[in-house]
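Asker: Respectively, the protein sequence lines represent chains S, Z, A and F.
Reading the first sequence from the start, the letters are residues 1 to 161 in the numbering used here.
Reading the second sequence from the start, the letters are residues 1 to 161 in the numbering used here.
Reading the third sequence from the start, the letters are residues 1 to 83 in the numbering used here.
Reading the fourth sequence from the start, the letters are residues 1 to 83 in the numbering used here.
Rather than coming from a laboratory, the hints here were simulated on the basis of the structure.
Treat the hints with care, as some may be off.
Unchecked claim - Quick partial rundown of chain S residues pointing at chain A, CB under 8 Å, derived from the structure:
| id | residue |
| --- | --- |
| 1 | G34 |
| 2 | E50 |
| 3 | Y52 |
| 4 | M55 |
| 5 | I91 |
| 6 | V92 |
| 7 | L115 |
| 8 | P120 |
| 9 | W122 |
| 10 | W133 |
| 11 | V134 |
To be verified - Some, not all, of what chain A presents toward chain S, calculated at C-beta under 7 Å:
| id | residue |
| --- | --- |
| 12 | F7 |
| 13 | V80 |
| 14 | T81 |
The model shown is predicted, which means the values in this text are computed figures rather than measured ones.
The C-beta atom is built at its ideal place from N, Cα and C for all residues, glycine as well.
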Amino acid sequence: MYIIVQENDFDIDSEITRLYQGNPAIGAVASFVGLVRAEADNPVNALTLEHYPGMTQKSLESIANEALDRFNIMDVTIIHRTGFLIPGDRIVLVITAGGHREQSFLACEFIMDYLKTSAPFWKKETSPTGSHWVEAQKKDDVAFSRWGDDNMKNLKRDFKA
Amino acid sequence: MYIIVQENDFDIDSEITRLYQGNPAIGAVASFVGLVRAEADNPVNALTLEHYPGMTQKSLESIANEALDRFNIMDVTIIHRTGFLIPGDRIVLVITAGGHREQSFLACEFIMDYLKTSAPFWKKETSPTGSHWVEAQKKDDVAFSRWGDDNMKNLKRDFKA
Amino acid sequence: MLRILYFARLRETFCLSFEEIPSESINTVSDLKFMLAQRGGVWSRELASDRAVRVAVNQEMAHDGDVIREGDEIALFPPVTGG
Amino acid sequence: MLRILYFARLRETFCLSFEEIPSESINTVSDLKFMLAQRGGVWSRELASDRAVRVAVNQEMAHDGDVIREGDEIALFPPVTGG
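Work the whole structure out from these sequences, hints included.
Answerer: Right under this line is the structure:
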């Protein structure tokens, strides 16, 4: 497990290689990269990411451990950036490595959904009209909640079998 | 759209960057890397990947176009290697880029499920006991079939809205 | 004493990132929120029942009924928006 | 004429990667498979109804009932195993 909060960018190929190298049973690596967006109706100039240093590492580790346990995958990387970012910059990288693709994909989505609602990061956007804190989105709570239902508990059992 | 069949390895970071660079509306990039596995109960020494050159590019393009259309994502990369590979080598890279993570994840899974059942590649494994053609797996047909049900058609409509 | 941390919008609105307060008469997360809201002004507005405020006790997400003990580190912040 | 291609296990078993055959009396994928199976030996075994053989007509996946026309490129192969 490799979990880090940093200001610097990361190299995705090196991070993926680090995760699977030396474990020949890994056949399926899923990953997700979140980027600072700027759209016509929301022309963001910059983003500042604040976090709660004492809690961040702990909360990301707990999410990663839950994913390892639920989906029976083999390893996880989470890199989350903080500080000043501009459109096109990478914010977060999640990598999940397992034997088969279904469990790696599910674990990667699970980690992103949990991170979006449970990890102590906050975005402040600066646009031509001023700066404001980004509001949490209802759809992130919806995405989060689906992992708690009975369907997902059955799924966990399947992977453990 | 960037789709290529090649013998050489690829750099994942460069491929991901190529896909989102220049499109500031892209906020979510999902990707999948498939690797040659070697497990205790299946000690593979090498894999040879054969394909049907006249059809491969066409079939991958058609899968990518279907994903772009169904999930309303913005761009797709598929790189599939052929030839001689050993455990730990990368076989395939799929990258999907969209505005939001749910659609990018779904499109990436969709492409892998289609590729596994519809793209003309065949693996031949060499192990200490000889070499043999890998048999298609029932679970790949099951994974493929879920994209055809009514549930998934509704999902397509949601993304188009 | 309790160590209280504020983040993001709350930190800016309260003009405060950190304070220490006596733990007497504070037994739960609810007690602490009620006590802070009593300060009035931005405090009562930000801690009003219709505003979403998240609380972590000793770096773990907590709920209104959760117990607070002498020496705990409590953080108050808006719903998170990372990733 | 029809251009017939074989891949993977079929290519090896038939010791053949490519042949051309007259298109007369072959109207569908089924007709072609039946005609090839008539060759006997490995041909009838590999093209027996209980074995999964996939067929592409002009580089598109096809089914038993699909029509074959003069000049078409037909490929026969086992279920794919890439990715």
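Asker: If a hint holds in the structure, say so; if it doesn't, say that too.
Answerer: Going down the list of hints, with the structure as the test:
The closest approach between the C-beta of G34(S) and any C-beta of chain A is roughly 5 Å, which is under the 8 Å cut-off, so the hint is satisfied. Using the Cβ-Cβ criterion of 8 Å, the hint placing E50(S) at the interface with chain A is satisfied: the shortest such distance is roughly 6 Å. A least Cβ separation of about 6 Å between Y52(S) and chain A falls short of the 8 Å threshold, and the interface hint therefore holds. Contact between M55(S) and chain A, as hinted, is supported at the beta carbon level, the nearest pair being about 4 Å apart and thus within 8 Å.
The interface hint given for I91(S) is met, as the beta carbon of that residue sits about 7 Å from the closest beta carbon of chain A, less than 8 Å. This hint holds: V92(S) has a C-beta 5 Å from the nearest C-beta of chain A, less than the 8 Å allowed. With 8 Å as the threshold, the beta carbon of L115(S) comes within range of chain A, its nearest partner Cβ sitting at about 5 Å, so the hint holds. Here the hint on P120(S) is kept, as its CB sits about 6 Å from the closest CB of chain A, short of 8 Å.
The restraint placing W122(S) at the interface with chain A holds, with a minimum CB-CB distance near 4 Å, inside the 8 Å limit. With its C-beta approaching chain A no nearer than about 5 Å, W133(S) sits inside the 8 Å limit, and its interface hint holds. For V134(S), the suggested interface contact is upheld, since its CB lies about 5 Å from the closest CB of chain A, less than 8 Å. With 7 Å as the threshold, the beta carbon of F7(A) comes within range of chain S, its nearest partner Cβ sitting at about 6 Å, so the hint holds.
The criterion of a C-beta within 7 Å of any C-beta in chain S is met by V80(A), whose closest approach is roughly 6 Å, and the hint holds. With 7 Å as the threshold, the beta carbon of T81(A) comes within range of chain S, its nearest partner Cβ sitting at about 5 Å, so the hint holds.
Comparing the model with each earlier hint shows no violations; every hint is respected.
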